[in-house]
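**Q** Sequence:
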Amino acid sequence: MFIIWWIIVGLIAGFLTGKLMKGSGFGPLMDIVVGIVGAIVGGFIMRTLGFADQGGLIYTIIVAIVGAVILTLLVRLVTGGRARNL
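Quick note, the sequence shown lines up with residues 1161 to 1246 if you use our numbering.
These aren't lab readings, by the way, just hints derived from the structure by calculation.
The model shown is predicted, which means the values in this text are computed figures rather than measured ones.
Ideal Cβ positions, reconstructed from N, Cα and C, are used throughout, including at glycine.
FRET-style restraints, in silico, Cβ to Cβ:
| # | residue 1 | residue 2 | range |
| --- | --- | --- | --- |
| 1 | T1208 | W1166 | 16 to 26 Å |
| 2 | G1240 | G1215 | 27 to 37 Å |
| 3 | G1187 | L1237 | 15 to 25 Å |
| 4 | I1163 | I1205 | 18 to 28 Å |
| 5 | L1217 | V1238 | 24 to 34 Å |
| 6 | F1162 | G1240 | 31 to 41 Å |
| 7 | I1205 | W1165 | 17 to 27 Å |
| 8 | G1216 | L1237 | 26 to 36 Å |
| 9 | F1204 | I1168 | 12 to 22 Å |
| 10 | L1171 | I1230 | 10 to 20 Å |
| 11 | G1240 | Y1219 | 28 to 38 Å |
| 12 | L1180 | G1216 | 15 to 25 Å |
| 13 | G1187 | G1210 | 28 to 38 Å |
With these hints in hand, go ahead and build the complete structure from the sequences.
**A** Here's what the structure looks like:
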């Protein structure tokens, strides 16, 4: 059940990140992966700042979006914006 939760949050976060970042996204599967990895990155950042486990579904999605946006920015900086369809 935990894996399904990560996929659902990753799907939502990846989709919204694709819309926020003014790009075509990375495709449906990679958007999910970016969302899941973004959730991990966002969770690490929030734990470091002392905000671990402070909310429910909405909090989790917002943290995943923040992490996915940061991850997408880093990927674009490293690749010079060339990483469109991984």
